[in-house]
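My request is simple: use the sequences and hints to build the entire structure.
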Amino acid sequence: MKISKLKLNHFRNYEHVDINFAPGVNVLLGNNAQGKTNLLESIYVLALTKSHRTNNNSDLIQWKHQNAQLKTLITKDSGQLNLELDLSKKGKRAKVNHIEQAKLSTYVGQLNVILFAPEDLSIVKGSPQVRRRFMDIEFGQMSNQYLYNTVQYQRVLKQRNKYLKLLQIKRASDLVYLDVLSDQLSAYGSEIIYQRLKLLKQLEHWSSAIHSTISQNQEQLTFKYVTALKQTQLHSVDSIYEGLKNAFQSERNREIRMGTTVLGPHRDDLKFQINHNDVQTFGSQGQQRTTALSVKLAEIDLMKAETGEYPVLLLDDVLSELDDNRQTHLLKAIQDKVQTFLTTTSLSGIARDLIHDPKVFQINDGSLRVD
Amino acid sequence: MQYPEPIAKLIDSYMHLPGIGRKTAVRLAYFTVNMDKNDIANFAEALTETKDKLRYCSICGNLTDEDPCEICQDPTRNQSEILVVEQPKDIMVMERMKDYHGLYHVLGGVLSPMDGKGPDELNVRSLIKRLQANEAVNEVIIATNATPEGEATAMYLSKLIKPAGIKVTRLAHGLSVGSDIEYADEMTLFKAVQGRTEI
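Chains B and C, in that order, are what the protein sequence lines are. Number 1711 marks the last residue of the first sequence (my numbering); no jumps. Number 241 marks the last residue of the second sequence (my numbering); no jumps.
It is worth saying that the hints were derived from the structure and are not from the lab. Be aware that one or more of the hints could be misleading.
[To be verified] Below, simulated DSS-like cross-link-like pairs (lysine-lysine); rule was C-alpha separation at most 30 Å, straight line:
1) K51/C - K1510/B
2) K51/C - K1430/B
3) K159/C - K1502/B
4) K1432/B - K1342/B
Shown next as structure tokens:
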């Protein structure tokens, strides 16, 4: 999958952009605060309809303007596709090949991207929330059903938490309704957990291969999905469903006392282990970096396996964060197959011999120039 | 400069209606000013009558100008089936189908703690009482919307009603009639495949 054209109107600091990209590596070169990351962000938003930096739509719209338009022409194996996204303070409108989509969930997944930014090291170092978000965003791109289930899950979760609050302060007393909400949450939750386990297994397979190459076969990377359920309950959607249902049943009093849902996929976590030791606790800085890089690179292959196309890779200032060995691995992994956009302040620190015919764009205060 | 008071009041009133923002309200208000005096009188009367003459049926919860409503009074209707809907307007839609001849029950919404709607805020108790008092009912058809809240409400009702030995059914999910499979979204297709029937 390649992005052939990009048009922006009033997005962040870009008044108007209309450019063609190279199918290989596109380098966005410029000083700080000129709009390099904004351009990557526009591609990310086109893919996922939301930004990785803000939850507020109006942050994305150029100052003093009412709405922003983003358009792109992408080339897939199956042909070309026009994507269009309109952002305003009221909301978003998405079009695929000029046809407006009633639901954003039918739009997401047309363009697949993987973003690698310095803060992605936090998928190893950060809080469980960061890793859940990571799973939800990546798996949601690969599977429409996963996306649907997470959206529904969040909705039921909100209702259930609200109802537990009412039970806690004794403004409600009907436990039959709580059972109904628990069943419903278990149904969506079991689909989510099952799909996470399935996709994590594949991601682990590729990550561990990449990790062992980078570490010259010294280290073995494995994943562990941390959940309130027992291993024996995880083999099928039905068994997870039963497991969650029973857990909600036995935690009922505690949940009412606390007024919130205490278990489920929104509380689960993912642990990375090197040679069976937890990387977050025992790993060195270098090991944590290698782990994050391996996982990100593995995503490229997973996306290819799940969707049939390589995703577009967005590298936000990461090359400078990686040493020569890791940089080489990264660039070799993407060579000649993955369209890449990378931002940098200078070309000097980059192993240029590994990048074939890059197209370099000079970015200066919201305007682009082909070098 | 400010709007003259009568217009300002009218704009404000229009803005109480769903789906109408400030600009539309202003346009409607100025349109109303130019309307025929007779039409205005009829309009005003129609508005007041909605409050004066309409009430909720004491049996099924439908909007009606006589209590019990026309449907509840009709002895030719099938007394053994009750179709449960969210809103009175859903009854009109069902009646347009002309194929259902049983009775109705209006919940007045769906269970949604976020919107302050629990079992006590809906016409659930009146439904249970109705079933207890009426031996003839042998099927309750639940026609709430296919949203998570609609599903939860349906499951809740079935948990209450089923133990009494009454059959509880739910409307089918899937493709709409006359639609192209090509244009159906993945979740609709998924539900349609799950709920496939033998032919």
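Hint by hint, here is what the structure shows:
no.: 1; hint: K51/C - K1510/B; result: 42 Å, violated
no.: 2; hint: K51/C - K1430/B; result: 26 Å, holds
no.: 3; hint: K159/C - K1502/B; result: 11 Å, holds
no.: 4; hint: K1432/B - K1342/B; result: 24 Å, holds
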